[in-house]
Amino acid sequence: MNLFCVGLSHHTANVETRERFASGAGAESTLRAAGCTEALVLATCNRVEVYGASEKRVSTDEIAQCLLQNGELSDRSHSQGLPFYRYEAEKCVQHLFRVASGLDSMVVGETEILGQTKKAYQSARTSGAVGPCLHRLFQRAFRVAKQVRTHTEITRGSVSVGSVAVDLAQKIFGDLANCRVLVLGAGETSERTARALVSRGVTDLRVSNRSNHRAHELAQRVGGRSVEFNRWAQQCCEVDILITSTSSEVPLLTPTNLGPMLADRIDRPLFIIDIAVPRDVDPAVNEMEGVYLYDIDALRSVAEQSLAVRRQQIASAEAIIAEHVADFGQKVSCELTRASGVSGHPAVADSSLRPSQL
Amino acid sequence: MDRYLLIISTICFLAAVVRTGIALRAGVFRPGRFNFLAIGLGFVFQTAFLSLRGQALGRCPLTNLFEVFIFLAWSVALIYMLVGPAYRLSLMGAFTAPLVVLLQGFALIAPIDVRHPVKVPANSSLEFHASVSLIAYGAFALACIAGVMYLVQERQLKTHHLRSIFYHLPPLTDLFAAITRLLWLGFILYTVGIASGFFTGRPLPRVQVVAAIVVWLLYATILLGRYFRRIAPKRVAALCIVGFSVALTLLWGITFSAQTHSVP
Numbered sequence: 001m002n003l004f005c006v007g008l009s010h011h012t013a014n015v016e017t018r019e020r021f022a023s024g025a026g027a028e029s030t031l032r033a034a035g036c037t038e039a040l041v042l043a044t045c046n047r048v049e050v051y052g053a054s055e056k057r058v059s060t061d062e063i064a065q066c067l068l069q070n071g072e073l074s075d076r077s078h079s080q081g082l083p084f085y086r087y088e089a090e091k092c093v094q095h096l097f098r099v100a101s102g103l104d105s106m107v108v109g110e111t112e113i114l115g116q117t118k119k120a121y122q123s124a125r126t127s128g129a130v131g132p133c134l135h136r137l138f139q140r141a142f143r144v145a146k147q148v149r150t151h152t153e154i155t156r157g158s159v160s161v162g163s164v165a166v167d168l169a170q171k172i173f174g175d176l177a178n179c180r181v182l183v184l185g186a187g188e189t190s191e192r193t194a195r196a197l198v199s200r201g202v203t204d205l206r207v208s209n210r211s212n213h214r215a216h217e218l219a220q221r222v223g224g225r226s227v228e229f230n231r232w233a234q235q236c237c238e239v240d241i242l243i244t245s246t247s248s249e250v251p252l253l254t255p256t257n258l259g260p261m262l263a264d265r266i267d268r269p270l271f272i273i274d275i276a277v278p279r280d281v282d283p284a285v286n287e288m289e290g291v292y293l294y295d296i297d298a299l300r301s302v303a304e305q306s307l308a309v310r311r312q313q314i315a316s317a318e319a320i321i322a323e324h325v326a327d328f329g330q331k332v333s334c335e336l337t338r339a340s341g342v343s344g345h346p347a348v349a350d351s352s353l354r355p356s357q358l
Numbered sequence: 359m360d361r362y363l364l365i366i367s368t369i370c371f372l373a374a375v376v377r378t379g380i381a382l383r384a385g386v387f388r389p390g391r392f393n394f395l396a397i398g399l400g401f402v403f404q405t406a407f408l409s410l411r412g413q414a415l416g417r418c419p420l421t422n423l424f425e426v427f428i429f430l431a432w433s434v435a436l437i438y439m440l441v442g443p444a445y446r447l448s449l450m451g452a453f454t455a456p457l458v459v460l461l462q463g464f465a466l467i468a469p470i471d472v473r474h475p476v477k478v479p480a481n482s483s484l485e486f487h488a489s490v491s492l493i494a495y496g497a498f499a500l501a502c503i504a505g506v507m508y509l510v511q512e513r514q515l516k517t518h519h520l521r522s523i524f525y526h527l528p529p530l531t532d533l534f535a536a537i538t539r540l541l542w543l544g545f546i547l548y549t550v551g552i553a554s555g556f557f558t559g560r561p562l563p564r565v566q567v568v569a570a571i572v573v574w575l576l577y578a579t580i581l582l583g584r585y586f587r588r589i590a591p592k593r594v595a596a597l598c599i600v601g602f603s604v605a606l607t608l609l610w611g612i613t614f615s616a617q618t619h620s621v622p
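Chains as they are written, first to last, in my numbering: chain A, 1 to 358; chain B, 359 to 622.
Please note that the accuracy of each hint is not assured.
[What the hints assert, rightly or not] Derived EDC-like pairs: lysine to aspartate or glutamate, alpha-carbon spacing no greater than 16 Å straight-line:
| hint | chain 1 | residue 1 | chain 2 | residue 2 |
| --- | --- | --- | --- | --- |
| 1 | A | K146 | A | E289 |
| 2 | B | K516 | A | E318 |
| 3 | A | K331 | A | E90 |
| 4 | B | K592 | A | E112 |
[Claimed, not checked] Residues from chain A that face chain B, not an exhaustive set, calculated with beta carbons under 7 Å:
| hint | residue |
| --- | --- |
| 5 | R156 |
| 6 | I172 |
| 7 | M288 |
| 8 | Y292 |
| 9 | A298 |
Everything labelled a hint here was simulated from the structure, so no lab data went into it. Given the structure is predicted, the values throughout are model-derived calculations rather than measurements. Don't be surprised by glycine CBs; every beta carbon is placed ideally from N, CA and C.
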């Protein structure tokens, strides 16, 4: 049985090329018609890949043709020039394990790909396109991904500014359901951050902006309430998280004006996310007790630290994957040996996981 | 024979310390079951030691500084076993084990296991007073450890340099809530311990009474400051460390004085 993976990803193709083939997400039936005994299409925004098992070799051209719905490839007659890659047997196994573990992702260690892979597997299984070969391969891939996540720090921390801010809020306050949030300035980044906080359980969200109209609009969009701009300072005594992104030329918050506000909230921390440039909050505020100030550079720095740690963990993750690839190959070849003993095919009796056969 | 049990117990705690050290060095810290199991096993051997020693003495094994240190280490482990999992403070084990290793290591190395020449008669109220007070010390020790965890996390949040351990620490507010509960637990037990000391039917040495009241006042001040919101969480965390250091020093003094003047 030939096991292979044909696809293109963000490493090899731009988004225009990827989207031409992404529509072939449900192409398992076509692929089976083309000669694949088993087929699974993994189509995400960063990759379109076909994992297949077949008795005879199915060419990359045929796979590409199946992925296209409009037949444009047939005009060109072959896939040369298109950035398809092809992995067979052991390389295919290794590639899938790397993909599922997030090592092949645009953001190393992202976990969304595992969910997408599971979904693709489930869909192909429901349609009957997955047989014992791909079933075993994908189950092992899920196991490998879980092991990589558990035994390395590949998924540690957040790597985008918005999620870093939300993660830090959770590290300070734990459950965000009881947190009060004030969004000062109705900018796009503050809206994204506010939305992320709401998605993690924040229910008390207040928006203040020089233009009351914009504050009201943003409050409606994120499920909060608007507060008049001249009352934002009073709100600081009540809120736990402050997101500022105004276009003020001078700092709105300094130790001098924040000091009296903090007097009544000595046992509650204040987390300030200053995403304005120029900054809305004097950096000296971070020296105040119970105040944690993160400006855009600090958030980026945390994101970069996480990314650096993830990169450091790649070697450990690769080692886990290599072990599983070898073990998977060994088990499959053992089974082939047993099967050949029964069916009397001496050709596969001594096979390990060979380049083109599984 | 009983010292062997203590050595095995210390090795168990040391295993938790070594494992944490290796993990921190590799930058991959994961508070897994190992620490909890190692501490649990260490606790079992501690209990076995205290039980054997208690049977040999025919009373609660608190007759010299060595036994006081071991009982204190046992209290620390006991409170950790009770509090750690309840508040999901699994990482606390990584901080608890070094303290227990220090206490037991010191007790094993220093020549403080001096047996009394005459068998000390059992006095249930005195034993209750001493043991409850030492369990209170265990709670104060855990509050001190939680204080260290709080300060570590607070420092990393302030400097924006988040290390591996940061991601495994409980949220700051949860940690502070745990500190407060541990302080209250220790304070209540300590109050009961001190109060029971007045009903032992024996006159208490003045130095012991003064030292006990100093510790009681210290923790009362921290709790009052916390209750009336006069002390910021960071200071409470720092005061927990100072408080336990003072309490430990005075405990030494109390035990030393008790050993030189009379039998506890």
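Okay, the hints, checked on the actual structure:
no.	hint	in the structure
1	K146/A - E289/A	40 Å, violated
2	K516/B - E318/A	34 Å, violated
3	K331/A - E90/A	12 Å, holds
4	K592/B - E112/A	37 Å, violated
5	R156	6 Å, holds
6	I172	5 Å, holds
7	M288	10 Å, violated
8	Y292	5 Å, holds
9	A298	5 Å, holds
The structure fails to meet hints 1, 2, 4, 7 from the earlier list, while all remaining hints are met.
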